[in-house]
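**Q** With these hints in hand, go ahead and build the complete structure from the sequences.
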Amino acid sequence: MTGIADEAQVAAHERRATRLPARASERLWWAAGLLLVVLFWQLYAAISSNSLIVGPWEVARATVDLISTGELWEYAQSSAISMTFGMLAGSLAGLLIGLLVGRFRLVEVALDPYISAAYATPLVAIIPVLIVLLGFGLTSKIVIVAIFVFFPVAINTAAGVHSVPRDLTELARSFCSTELQAWRDIVVPAALPFIVTGLRLAVGRGLIGVVVAEFETAVTGLGYLILSKSRRFLMAESLVPVVVLMLVGFLLYGGLKRVENRMLARRRGL
Amino acid sequence: MARADDPRVVWAVRIGFAVLVLIVWQAAAAWFGANFVASPGGMVTSAIALVRSGELLRYLLPTLGVLSAGFAIGVVVGVPAGLAIGRWQRLYWLSEGPINLFYTTPMAAVIPVILVILGFGASTKIFIVFVFVVFSVIINSAAGIRNVDGDLLELARSYGSSELSRWREILVPSALPFVLTGIRIGIGRALIGAVVAEFYAGIDGVGYLIIQYSNRFNVAAALVPVAVLVALGVGSTTLLKWLHRRLTPWADQAGTG
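Sequence lines, in order, name chains L and E. Its first residue numbered 0, the first sequence is counted upward by one per residue in numbering that gives the first Met the number 0. Its first residue numbered 0, the second sequence is counted upward by one per residue in numbering that gives the first Met the number 0.
Please keep in mind that the hints were generated in silico from the structure rather than gathered at the bench. All values reported here derive from a predicted model rather than from experimental measurement. Cβ atoms here follow ideal geometry from the backbone N, Cα and C, with glycine treated the same way. Among the hints, erroneous ones may be present.
Said to hold, decoys possible - Here are the simulated distance ranges between beta carbons: (1) L:S176 <-> E:G149: 37 to 47 Å; (2) E:D5 <-> L:T83: 43 to 53 Å; (3) L:S50 <-> E:R57: 32 to 42 Å; (4) E:V50 <-> L:L105: 35 to 45 Å; (5) L:R22 <-> E:L117: 37 to 47 Å; (6) E:G15 <-> L:F39: 55 to 65 Å; (7) L:T177 <-> E:Y158: 56 to 66 Å; (8) L:T177 <-> E:G234: 38 to 48 Å; (9) E:G149 <-> L:R231: 51 to 61 Å; (10) L:L233 <-> E:I202: 20 to 30 Å.
**A** And the structure:
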């Protein structure tokens, strides 16, 4: 019953758990950590007797190959289109439902248990079913991404609306502000950091949705590139799209994190 | 709307909404043709058939085995690693980059590659589930230690407490709610890992059952294992929230953040 509050709590945990390094010595250790992983990986690939385990060097060379043939760009473009439209549709729907759930008790009572249940469900399970229903085209991929994105955005938006201190809305009402003014001046600004948290969590989920949908439809996209290369035992080439997805995920996540931290800092400063 | 807080009203609204959805769904299935859009009625019929023939159980057991093994290893490795990372500043800085990088990566993307390299057996699937679980457990355990009240530790040190008693009296109890949150998130990720691995390993497990029936366009039957996964997800989440309240009653669930 307290699903929404719990997810907000998780987000608050994460807010503290992941942050960007500040001091110079801290940065040095941070970079050393990443370097160590790459070195260890290369070393392991070199000594391993399994010829299917390739090191970062081979992956880098394969990246250059795939870029120069234009293959990577072609497949990445297709994934980017599914991701962008899916994110847009899913976040808009999530925002709308989240605001309604946060604002109207009746809507919350009706939807909260189902939204929480869907959030706890491994949504990847419905991907094959959705593809059977919607076909192998772009539409089904957009719908899949939108569904993945919808839940974190809706839950965090609702939590954001809940976070508005009741005193503030009551004060606004007693000063005769209209519903619209209360939304514009109080509710939306207060909910904004939560909405960004929702978007940040949605990016990761959306990427999972795109990739697994592309595994299933097996027509185009980075997911298909991974599948087709690994089935031909071209391990280095199959890891190139994985690295691309890794970087995209990390950059979007980190970028939204910064926006969020700035908002929270500004909010505390008020 | 004080009326809406009456539990009878709450449940009436919830159940009413569910019934409405089911009616619309059944009507839509009738309108579009039940072969294409599975009707709720058709799902129940398929569920009964799958349970009766023992097929559902036969495919569910391997999934549960893989899930529990991978999850257990993930927790056993992740909690101590996270606690250590949270306690020692340099270790934290060193590991923060790689751990966040792996945590934000859509891990599902690597699954076909891992399956090709390590083979399609159960141990590969256990490894995949482990990888899905371990990072959220590490991140949250480390955050739990870093969240410990510094004044308390200072006080303990000035009274000459040993590192061991500091762990026992202060660090572990303070970190426990965070560790449990990490485990809860980990279970959700474990389910994703297991299902996607079964999509491609294609031998057994509920993931494979979903693929099989989807490929035969039998949507109603494909949705039965999906419903089982919904129950697993909701059940494990509820269980962990209960554990959370039970083990750390001092930490108000919404207040530990």
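**Q** Are any of the numbered hints broken by this structure? If so, which, sorted upward?
**A** Going through the list in order, the structure violates no hint and respects every one.
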